[in-house]
Amino acid sequence: MFNDKSILITGGTGSFGRRFIANLLKQQKPKKLIVYSRDELKQFEMQQEFDHPSMRYFIGDVRDKHRLKAAMRDVDYVIHAAALKQVPAAEYNPNECIKTNIHGAQNVIDAAIETDVRRVIALSTDKAANPVNLYGATKLASDKLFVAANNISGAKGPRFAVVRYGNVVGSRGSVVPFYRNLLAEGRKVLPVTHEEMTRFWITLDEGVEFVVKNFQRMQGGEIFVPKIPSIRILDLVEAMSGERNYELIGIRPGEKLHEVMVPEEMAHHSLEFNDHYVITPAIKFFDKTVDYRQNRLGETGSAVADKFEYHSGTNPHFLTVEELRALDKVTL
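Every letter in the sequence shown is one number past the one before it in full-length UniProt numbering, and letter 141, counting from 1, is 141.
Since the hints were made in silico from the structure, they are not lab data.
For each residue, glycine too, the CB sits at the ideal point set by N, CA and C.
Heads up, some of the hints might be wrong.
Only pairs whose alpha carbons sit at most 30 Å apart, straight line, appear in this in silico DSSO-like list of lysine-lysine [what the hints assert, rightly or not]:
| id | residue 1 | residue 2 |
| --- | --- | --- |
| 1 | K32 | K213 |
| 2 | K99 | K32 |
| 3 | K213 | K42 |
| 4 | K156 | K284 |
| 5 | K227 | K26 |
| 6 | K156 | K32 |
| 7 | K5 | K69 |
| 8 | K188 | K227 |
| 9 | K69 | K213 |
| 10 | K284 | K69 |
Per label pair, the in silico range of CB-to-CB distance [claimed, not checked]:
| id | residue 1 | residue 2 | range |
| --- | --- | --- | --- |
| 11 | R187 | D306 | 43 to 51 Å |
| 12 | Q28 | A70 | 24 to 32 Å |
| 13 | K99 | E322 | 38 to 46 Å |
| 14 | N181 | H258 | 22 to 30 Å |
| 15 | K99 | R56 | 23 to 31 Å |
| 16 | F44 | E209 | 25 to 33 Å |
| 17 | G250 | D306 | 13 to 21 Å |
| 18 | E322 | K5 | 23 to 31 Å |
| 19 | L257 | Q28 | 34 to 42 Å |
| 20 | A305 | D275 | 13 to 21 Å |
| 21 | E322 | G250 | 27 to 35 Å |
| 22 | D306 | P53 | 49 to 57 Å |
| 23 | R56 | A155 | 25 to 33 Å |
| 24 | K31 | R296 | 18 to 26 Å |
Go ahead and model the full structure; you've got the sequences and the hints to work with.
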């Protein structure tokens, strides 16, 4: 669907953007692939790796709507991946997190509407469901903005949707490269915030594929949630180090023991499909009525059970230590 189309990725120098671009250039023939980010060094480094004639690099911040509008001119699809994502950093710098994650989200929406973009997908996080930290709260606000944007854009305007998934294996700043660096330094005991901690687990390639698929599925207003496995933190320690040698350091500011991607409170708005869930809008759009039980690919979903919750601690699928080791070899 991206052949001869123009795609812009905010925060495009991040882990997701780099993998999305690498995969897309292998599989399709886009007209333009625009990386929009504020770090000129990372853009310079990307230019050495991705010198395809379709590549474009825009220095800019999502806090700057005028720059976003310039970058989105004649763009068909937008992936909004830019965010301040570190939980402790957001707790200590709340205003900065709000400016990027909430005000920046509104700027992306406004720029997309004003430049007649066709479809926009915003990347969210499991931390946006029942948030207990500022990062999660800002991403929940962002999710609400993108859902409501379908009402603001009208019948002929852009369609907006959200993709929400868990921890990405090996993404920058995540636990896997952190542990790997410690082990490379000769550490025998790895730090653990709490021994009962669980997390949803997804690879970069799986995340990219899920986003691409949802551009085909989306009607506007959905929050797409993939069915993915969970991990136990002590299983990860054993998979990476060969032992369960760890030291408890205490839960960080704003950190949860477990994560939720579909809260129980949203069960009555949620549908189950073969490989994913959809949280449908709590608001009704004035311009049309959408039946979310069947998406644009013809896939059919059904309502989840009352009090359903998609929770990393009660997820029926947990990766074993052996599966984590195999995944580590394949993805990193």
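**Consistency of beta-carbon spacing, E209 to F44, with hint 25 to 33 Å** = 28 Å, holds
Item to complete: Return holds or violated for the Cβ distance of Q28 and A70 against the range 24 to 32 Å.
Response: Cβ of Q28 to Cβ of A70: about 25 Å, so the range 24 to 32 Å holds.
Check: Using the C-beta atoms of D306 and P53, is the stated range 49 to 57 Å upheld?
Finding: Given about 54 Å between the Cβ atoms, the range holds.
When you take the CB atoms of K31 and R296, is the distance between them in 18 to 26 Å?
Holds, at about 22 Å.
> Taking only the CA atoms, is the gap from K69 to K213 under or equal to 30 Å?
Replying inline: Answer holds: K69 to K213 is near 26 Å, not above 30 Å.
With respect to the beta-carbon atoms only, verify the hint that K99 and E322 lie 38 to 46 Å apart.
44 Å, holds
Q) Does the hinted range 25 to 33 Å hold for R56 and A155 at CB? A) 30 Å, holds
Hint says 34 to 42 Å; check whether the CB-CB distance for L257 and Q28 agrees. 41 Å, holds
**Prompt:** Straight-line Cα separation of K284 and K69 no greater than 30 Å?
**Reply:** 28 Å, holds
Subject >> Beta-carbon spacing of E322 to K5 - inside the hinted bounds 23 to 31 Å or not >> reply: 41 Å, violated
TODO: Confirm or reject the claim that K99 and R56 have a C-beta distance inside 23 to 31 Å.
DONE: 25 Å, holds
* Outcome of range test on Cβ distance (E322, G250; 27 to 35 Å) -> 30 Å, holds
The earlier numbered hints that this structure contradicts are 8, 17 and 18.
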